[in-house]
Amino acid sequence: MNPILQEVLRCPRAASARTAELFEATQQAIFQHTDRLFARLMLWQWLAAVAAAIFIAPLTWSGTQSQLHVHVLAAVFLGGLITALPVFLAITQPRTVMTRHVVAIGQMLMSALLIHLTGGRIETHFHVFGSLAILAFYRDWRVLMSASLVVVVDHLLRGILWPQSVYGVTTAPVWRSLEHGWWVVFEVTFLIVSIRKSLGETLNIAERQAELEAVNAGIERKVNERTAELTREVAERRQAEENLKQSEAQLAKAQRIASLGSWEWDILQDKILWSEETRRLYGFTAEDHGSEIARCIDRVHPDDRQSVHDALATSAQSGQPYSCDHRVILPDGTIRIMRGIGEVLLDASGKPVKIIGTTQDITKTKIAEEALRQSEEQLRQSQKMEAVGRLAGGVAHDFNNLLTVINGYCAMSMQQMEAHSPLRRNAEEILKAAERAASLTSQLLAFSRKQVLQPKVLNLNEVIGSMEKMLRRLIGEDIELSAVREAGLGHIKADPGQIEQVILNMAVNARDAMPRGGKLILRTSNVSLDLKTSFRSNRSLDVGDYVMLAISDTGVGMTEEVKAHLFEPFFTTKGVGRGTGLGLATCYGIVRQSNGDIGVYSEVNSGTTFKIYLPRADAPASTGTRAPDANVLPNGTESVLIVEDEPAVRTLSASVLRKCGYQVHEACDAVDALGKIQELPLDIVITDVVMPRMSGKELYDHLKATLPDMKVLFMSGYTDDALAHHGVLAPDMAFLEKPFSPARLARKVREVLDGAMGAHPLRSVTDDERFQSTVAEGPLENANLPQ
Amino acid sequence: MKPGWILICVLWLVAAGTGAWMVANYDNTPSGSGETPQQWPVASQVDFQRNQPVLVMFAHRECPCTRASIGELNRLMVQCGGKVAAHVVFVEYDDLPKDGTQSALWKSAAGISGVQVRRDPGGQEARRFGAESSGYVVLYDSKGQLLFNGGITSARGHAGDNAGENAIVALLSGRETPLAQTPVFGCGLWDQTELAAKQP
Chain A
1 MNPILQEVLR
11 CPRAASARTA
21 ELFEATQQAI
31 FQHTDRLFAR
41 LMLWQWLAAV
51 AAAIFIAPLT
61 WSGTQSQLHV
71 HVLAAVFLGG
81 LITALPVFLA
91 ITQPRTVMTR
101 HVVAIGQMLM
111 SALLIHLTGG
121 RIETHFHVFG
131 SLAILAFYRD
141 WRVLMSASLV
151 VVVDHLLRGI
161 LWPQSVYGVT
171 TAPVWRSLEH
181 GWWVVFEVTF
191 LIVSIRKSLG
201 ETLNIAERQA
211 ELEAVNAGIE
221 RKVNERTAEL
231 TREVAERRQA
241 EENLKQSEAQ
251 LAKAQRIASL
261 GSWEWDILQD
271 KILWSEETRR
281 LYGFTAEDHG
291 SEIARCIDRV
301 HPDDRQSVHD
311 ALATSAQSGQ
321 PYSCDHRVIL
331 PDGTIRIMRG
341 IGEVLLDASG
351 KPVKIIGTTQ
361 DITKTKIAEE
371 ALRQSEEQLR
381 QSQKMEAVGR
391 LAGGVAHDFN
401 NLLTVINGYC
411 AMSMQQMEAH
421 SPLRRNAEEI
431 LKAAERAASL
441 TSQLLAFSRK
451 QVLQPKVLNL
461 NEVIGSMEKM
471 LRRLIGEDIE
481 LSAVREAGLG
491 HIKADPGQIE
501 QVILNMAVNA
511 RDAMPRGGKL
521 ILRTSNVSLD
531 LKTSFRSNRS
541 LDVGDYVMLA
551 ISDTGVGMTE
561 EVKAHLFEPF
571 FTTKGVGRGT
581 GLGLATCYGI
591 VRQSNGDIGV
601 YSEVNSGTTF
611 KIYLPRADAP
621 ASTGTRAPDA
631 NVLPNGTESV
641 LIVEDEPAVR
651 TLSASVLRKC
661 GYQVHEACDA
671 VDALGKIQEL
681 PLDIVITDVV
691 MPRMSGKELY
701 DHLKATLPDM
711 KVLFMSGYTD
721 DALAHHGVLA
731 PDMAFLEKPF
741 SPARLARKVR
751 EVLDGAMGAH
761 PLRSVTDDER
771 FQSTVAEGPL
781 ENANLPQ
Chain B
788 MKPGWILICV
798 LWLVAAGTGA
808 WMVANYDNTP
818 SGSGETPQQW
828 PVASQVDFQR
838 NQPVLVMFAH
848 RECPCTRASI
858 GELNRLMVQC
868 GGKVAAHVVF
878 VEYDDLPKDG
888 TQSALWKSAA
898 GISGVQVRRD
908 PGGQEARRFG
918 AESSGYVVLY
928 DSKGQLLFNG
938 GITSARGHAG
948 DNAGENAIVA
958 LLSGRETPLA
968 QTPVFGCGLW
978 DQTELAAKQP
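Protein chains in written order, with the working numbering: chain A, 1 to 787; chain B, 788 to 987.
Isolated chain B, as found in the complex:
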């Protein structure tokens, strides 16, 4: 084998590894999250039953990463169906005239047993719960006390076992879990300008 070819192969391997690292780094870089109230917000329009915990997922109807979060929610509901009242709230934007109920994510979420899907015009509910990224999940117990907040995917758009989901299952199963917050991987719910304005 000629040294030139070896060099080319090494460079190719380095380039490919670097690219893969960059993609992986992107996928594994968490999105931002806001301040989530420890008590269920009174002003929230999301139904809150006092008889069971409530799980709310905030989602951007166009976010491809949220497809994995919906999938994980589906798995979670399979495991914990009946133990939690689950809601998926899709933020509605005025600049996106398309009917949000016709998006693939809406239909996926609506198809999960035990999950209620609702629109969040202007993102009021999302702001109320401090959600900044699509796929952001909050879990309150039947008393309105925050149990968990964060993402239920291990990386951006990455399905499979993840710490958030495991923590929720444990909480809903009544087991102790040290993990009450996980990073969230998803598209931002707010425009960059708005996020920049929030920056201190």
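Bound-form chain A, shown alone:
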């Protein structure tokens, strides 16, 4: 520890290291400051001494002779010597003990010199006391001791050597020197006291400074800690704000994706705040933020405003949750369907103050629901049609077998009758009834889409052209028929007989809708359905190119209710006995089975237009050949195997073919047939399709594997998809639909044997036959055919 500080700290208090450091620093600063002070002071003293010597005693005289005074030399050289070392040390080695003591000694020597130079003036002696006072600036009592020692030694030596120069007498006791030094001691004593007091104050200042620094350090540490905390808090707050922004952005994005906006209605202030998505959903601009509820309701569809208003009012009064679906009219005129739900916030008294809720655009959902409802309706309809189809199929199978037998034997009986036999008319009536029953069975299969189709590429204009003559006779003279056929009309792929059936049914309905005459217009055109038109027409058609046949009349038209049930089987507006209710259902079934659709446009008392859409086919149209109209049955000698589980039909068919010269063999089912096929040399196998134990198709597959050249003719009244996929028969299959006449059987067998079955339609009818059957909704086959 600093020795001066140790002296100051005689009391038991202990200085802290920082206090000692500050005390030391203060002392060093004082030392340096005082060193520099004396460096300047001593230089000035030296110059002053030289000046004083020159002024007071520049020359010494001896008569008229003079020379430089010794005092001047002493001032210059001795003064310079005395001054040099202290000044040098003060400048080069400040703050050192040696410097301080050399300065003190030098200063006292300079005092002595000055006293000498001024002739011992008493005033100059004050230089000693002044020097001591200035030396006290060091606040180091040892310095004063050195200075005092110089004074005492000076007086002692001079008192001994030149007593008269000090005491004015030639002899003086030693105590006289002490008398002179006493005043120095007197001053030095007080200076030491002053120095001690000053050092104490310095120590106090150092202690306070140390305490202040400690406090400042504590404050600074606190500030740093707090600053760090604030920085961390700011960073955390910024992170939180960033997270909040991201969360808000995610929420906004989620709302946008879900088309779900949020809102908050202040009931008391009638202010509504909404999210960006809500604003967008209602078509408001950014400037509309915070509009009144009335402005929001203005965007609601006029028909829904009251319900929205009532729902909000009810919630605002009762506190019950708000829920209301409503339509909104956007500024561009678009109508969207919104679902608003909300919860009511109550104040402490239970009074509703706010409603916080969401609004979701449910337009797509509503459309999907409507589509689902329609799909469900279609499913129900399909299920109903399936049930009817199953019923029809079940009936058709057995019923067509019966009709085949009735038709066959009736026809064979008529062949054996005389031309004018009274029984012939009875037989003809039986044959007509049987054929009408067959037609009814065929329609049942048609509308339930269970009949077998043999599609061909057709030109609808040619079909219409071929039917025009028949149609004119059908609709009568009161109705004007016109056909507008578009040039370059595309082809379609459909069963030509079925398409003709559709046109005939439509024409009959048009005729019935115009009891007082009118116009019937057939118009064909190419159309293309895109997404937009497909959506608007709400049809179950794929996008693509179609051929459209529009059948328009100027009849009584239909109500919406009638239109809703138009294609349902057994639905008819005609009187009892006039219609079966199967005509349009049949048409619809045929068209749908052909991958088409029918559109209806009707106004009461203005007329009706049916638009039949059928997919366009790029293939060239087929050139069909009608079956010969001759009544002569084709003959043959080939070996024929008839596979039929119904004995009556089998027997009839065998009988017909034997009469035509064929070698006929019979099998009661497919399993029985397999054995006979191995044993007999056969040219053709005629097989039923639906049979117990093994179906006709399985027999066909077996024959294809074992006897690939064997010709096969299927005959069936209902195949149950055993042969055809969705009712469409493969082109390489020969098929004879039950009920058939003996003539059709004979011709079909001949065609297959001759290898022309692929070029012939399965059913060959004349215009007259179709006319007859359509008018009566009876069998398509002409009872007058093969006799």
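Don't take every hint at face value.
With the Cβ distance kept under 7 Å, some of the chain B side facing chain A (calculated, not the full set) [what the hints assert, rightly or not]:
hint	residue
1	C850
2	A946
3	S960
Computed far set for chain A versus chain B, every beta-carbon distance over 12 Å [said to hold, decoys possible]:
hint	residue
4	W61
5	T64
6	L78
7	R158
8	Q164
9	A217
10	Q269
11	Q306
12	I356
Not the full set, but computed from the structure, chain A residues with beta-carbon under 8 Å of chain B [claimed, not checked]:
hint	residue
13	G63
14	L68
15	H69
16	L81
Hints are computed from structural coordinates only; laboratory data are not their basis. Note that CB positions come from ideal geometry on N, CA and C, so glycine has one too.
Once you've looked at the hints, dock chain B against the given chain A.
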């Protein structure tokens, strides 16, 4: 502290002490003095009143040391004013053309109450009283008997109490004093060549 510095400090202290000793020795080395007549010289032009003692100080008008002697004379006259007729005689030299009455010492001396200042062309009065150094004082009683001769400063140009002054005061006060002669500290009144010629 490095020994080298200690040595330097010691050498410095010795050098300074030696210088101080040399200066002090110079200041305390008395100047020369001649033979002073025991009876007031009859030929002297200085007024001699028979009713009181007469004090005469001889001075070189340019001597810086004499400033202290004049100062002591002033103090002496303050103490003994009216008891002695005091004269300050300034030796005038032909080689010093400057008017002696305009010197600082002349004016100082002239300013002392009870002191008469006069010129001593060629130094005749000084020689008459055996004065060789400036500041040399002689005191004769009213009967013309020499009472004291010497300097009234303790060292060269050094003011303050001194034995000469104390002796004069005592003599003028009628007290016995064993000290009738003191050394004088001042510039020489005569050229070195003249002083050398006087040397036996």
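Against the structure, the hints:
1. Annotation: C850/B was flagged as interfacial toward chain A, and the flag holds, the nearest CB pair being 5 Å apart, inside 7 Å.
2. Below 7 Å, beta-carbon pairs count as interface contacts, and A946/B has one with chain A at about 5 Å; its hint therefore holds.
3. With its C-beta approaching chain A no nearer than about 17 Å, S960/B sits outside the 7 Å limit, and its interface hint is violated.
4. Non-interface status of W61/A relative to chain B is broken: a Cβ of that chain comes within 12 Å, the nearest being about 4 Å off.
5. Distance check on T64/A: its Cβ comes as close as 4 Å (rounded) to a Cβ of chain B, failing to clear the 12 Å threshold; non-interface status is violated.
6. The non-interface label for L78/A is inconsistent with chain B: the shortest C-beta to C-beta separation is roughly 4 Å, within 12 Å.
7. Chain B draws R158/A into its interface by the beta-carbon criterion, the shortest separation being 6 Å against a cut-off of 12 Å.
8. Consistency note on Q164/A: stated as away from chain B, yet its beta-carbon is not over 12 Å from all of that chain's, at 4 Å minimum.
9. With a cut of 12 Å on Cβ distances, A217/A stays outside the contact zone with chain B, its closest approach being about 37 Å.
10. No Cβ of chain B approaches the Cβ of Q269/A within 12 Å, the least distance being about 91 Å, so the stated non-interface status holds.
11. Interface exclusion of Q306/A from chain B stands, the closest Cβ pair being 111 Å apart, more than 12 Å.
12. The Cβ of I356/A sits about 90 Å from the closest Cβ of chain B, beyond the 12 Å cut-off, so the non-interface label holds.
13. For G63/A, the interface hint holds, since its Cβ comes within 8 Å of a Cβ in chain B; the closest pair sits about 4 Å apart.
14. Checking L68/A against chain B by beta carbon gives a least distance of about 12 Å; that is not within 8 Å, so the hint is violated.
15. Restraint check, H69/A versus chain B: the minimum CB separation of about 7 Å is within 8 Å; hint holds.
16. A cut of 8 Å between beta carbons decides the hint on L81/A: the least distance to chain B is about 6 Å, and the hint holds.
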